[in-house]
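Colleague: Residue strings, one per chain:
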Amino acid sequence: MIFHTRALLGACAVAALCVPATAETLTIATVNNGDMIRMQGLTQDFTDKTGHEVEWVTLEENVLRQRVTQDIAAKGGQFDIMTIGMYETPIWGKQDWLVALDDLPDSYDADDILPAMRGGLSLDGKLYAAPFYGESSMIMYRTDLMEKAGLEMPDAPTWEFVADAARKMTDKDNEIYGICLRGKAGWGENMAFLTATGNAFGARWFDMDWKPQFDSPQWKETLSFYIDLLNEAGPPGASTNGFNENLSLFQQGKCGMWIDATVAASFVTNPDDSTVADKVGFALAPDTGLGKRGNWLWAWALAIPAGTQKEAAAKQFIEWATSKEYLELVASKEGWANVPPGTRTSLYENPEYAKVPFAKMTLDSINSADPTNPTVDPVPYIGVQFVAIPEFAGIATQVGQEFSAALAGQQTVDEALAKAQTLTAEEMEAAGY
Amino acid sequence: MARAVTNRRKALNTLVAWSVGLLIFFPILWTILTSFKTEAQAINDPPLFLFFDWTLENYAVVQERSDYMRFLWNSVIIAGGSTVIGIIIAVPAAWSMAFVPSKRTKDILLWMLSTKMLPAVGVLYPIYLLFIELGLLDTRIGLTIVLMLINLPIIVWMLYTYFKEIPGEILEAARMDGAALKEEILYILTPMAVPGIASTLLLNIILAWNEAFWTLNLTAAKAAPLTAFIASYSSPEGLFYAKLSAASTMAIAPILILGWFSQKQLVRGLTFGAVK
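Here the protein sequences come in this chain order: V and Z.
First residue of the first sequence: 234, per my numbering; consecutive thereafter.
First residue of the second sequence: 16, per my numbering; consecutive thereafter.
No lab work stands behind these hints, which were simulated from the structure alone.
The C-beta atom is built at its ideal place from N, Cα and C for all residues, glycine as well.
Just so you know, not all the hints are guaranteed correct.
Looking from chain Z toward chain V, a few residues come up when the C-beta cut is under 10 Å (computed) [said to hold, decoys possible]:
(1) D60
(2) D68
(3) Q78
(4) S81
(5) L152
(6) N232
(7) K237
(8) A239
(9) S247
(10) Y248
(11) S249
(12) P251
(13) Y256
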């Protein structure tokens, strides 16, 4: 009798496993960039494997950020998977807004995720978002102009060298500017660059008591250096230039150097769009000898909002989209240069991928960024080019406006820093720090 | 001599009118031109005006990537629906204020307009929560209601202005001939105010078609109209100007064509009563 009962129970269990799970339709919010669009084109592979359909909501980065934040805070339940960044992940994880991804199967090989990425997307050792692509920042420079200036770019240059090279490469009569940097106001625009650069100069946003540090000599040095350099060797109107404007200038051969996201490397070396595709070299973001480099760390990652009814199917999608197999799928269809970079160690061990010209420098840049220990002096926060607290986006956007106005010549460096110090102190006090 | 001066003045007026018209239309023209360029040509410096290799590639990419017809259909329903419902509600309201005014009519009109003075983002969160409670998020009916309510003050104000131009004696005469209220509005007032109603209708369709705050915030995959379609091609990290222009051209084409065919009514309605 016992045997029969066990056999019956066993048969039931096997039958339950064999019945295919209900096919779901997942709604995924994502950003508009090349890697994400490529994934949308390959979604059929996921549907073929699992039976689940996918509906995409593609939005511009800033609209997406506002849209998903609003939905998750209000528990709107509009999305089963959200594309979020390294800034949101620890904050939302702390609020219990995200499903922890700590039960992914062994075949997924979560240990293969680059340690810097895994650290930035985890809270208390739990992964809350799986990286779809990762990036750091680095120097992209014109090899021909560098040679003409009689200089040779080291793999790990100092800011002193970069500034000297920028001034020597500048030929304003022929519209060639030694260096192009972000100047447009915004926490993800000029403040991403300046926060990371500040790290290299020994500056920091807050001390261990959360007291703002814009009145420090390090910030004054950082901002003065940046503004002087752009005034002497930057393009006109630099205070309104963001990623796209600088990309456009570089592709048209008007920038000697450009320090920005590693993802730009594939754009500037693409002969279809870039007039200087075969004259681009790469180097680590500069330092000042204090032990920190001015390169950031960022990942666009896939996360599941807590409370979704389709958690199991959503996890299946994340497993598929961030797996080693997905990278191979992209490589087989579009070549290794188009594989989403910066997420898995195994990708950088692949001899085929090693042939991609910017692969090594991207990995070196990612590995040299440390979001848990980003500054020369100790800080109470996580994040290289941001501070992972909810108040940061609002404060940094205001500070960014002050710094951008200083670059445009509307106020002095001292005035901009004084305003930044005051507004940050007020906002932090109001937030209860 | 007088004729020569008149002709010269006419020519000057025409020139000025064309210049202003072209200046206003130029951003749209530039968007249309950019949609036929490659991404590299789109960012070329100096900008390329007409002499470039024209390509339809961007339209092909947009067609392949997005379900344009679904976005278009959502736009038609939301913009059309909100305008029609708005007109149905606004006609009796404007009639009562124009022909049976009370002491508070002007206050009510001002109060209605004052709702437009609050930035939309100020009520985003309460409306979002209401939509969650009512299950209206990402539905066409939800957006139709919101856009109707947003445009209602403008519709009432426009209709009120047109109705005020119609002599009350005509309606009185109809009443003396035994017309009931319904007949008075349907058979006397409405036909006389057709140009005004038509221009209100068209203007509100255009406003609802282009509304991008609520349509982006209250939709996801199902009810998203053409504004969301455009937003999906914008990117701060990567050059998509040519594709964005193609998507924009596709999004504005229907309303541009509608405006072109109905410009006579639109102009007539907007200048209704101006020469009185």
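Colleague: Taking the hints in turn, state whether each one holds.
Modeller: Status of each hint after checking the structure:
1. D60: 6 Å, holds
2. D68: Because about 13 Å separates D68/Z from the closest Cβ in chain V, which is outside the 10 Å limit, the hint is violated.
3. Q78: 13 Å, violated
4. S81: 8 Å, holds
5. L152: 6 Å, holds
6. N232: Holds: closest Cβ of chain V sits about 7 Å from N232/Z, inside 10 Å.
7. K237: K237/Z check passes; min Cβ-Cβ to chain V is 8 Å, inside 10 Å.
8. A239: 7 Å, holds
9. S247: Result: holds, 4 Å to nearest chain V Cβ.
10. Y248: The hint holds - Y248/Z has a Cβ within 10 Å of chain V, the shortest such distance being about 6 Å.
11. S249: At about 4 Å, which falls below the 10 Å cut-off, the nearest Cβ of chain V leaves the hint on S249/Z intact, so it holds.
12. P251: 5 Å, holds
13. Y256: Holds. Min distance 8 Å.
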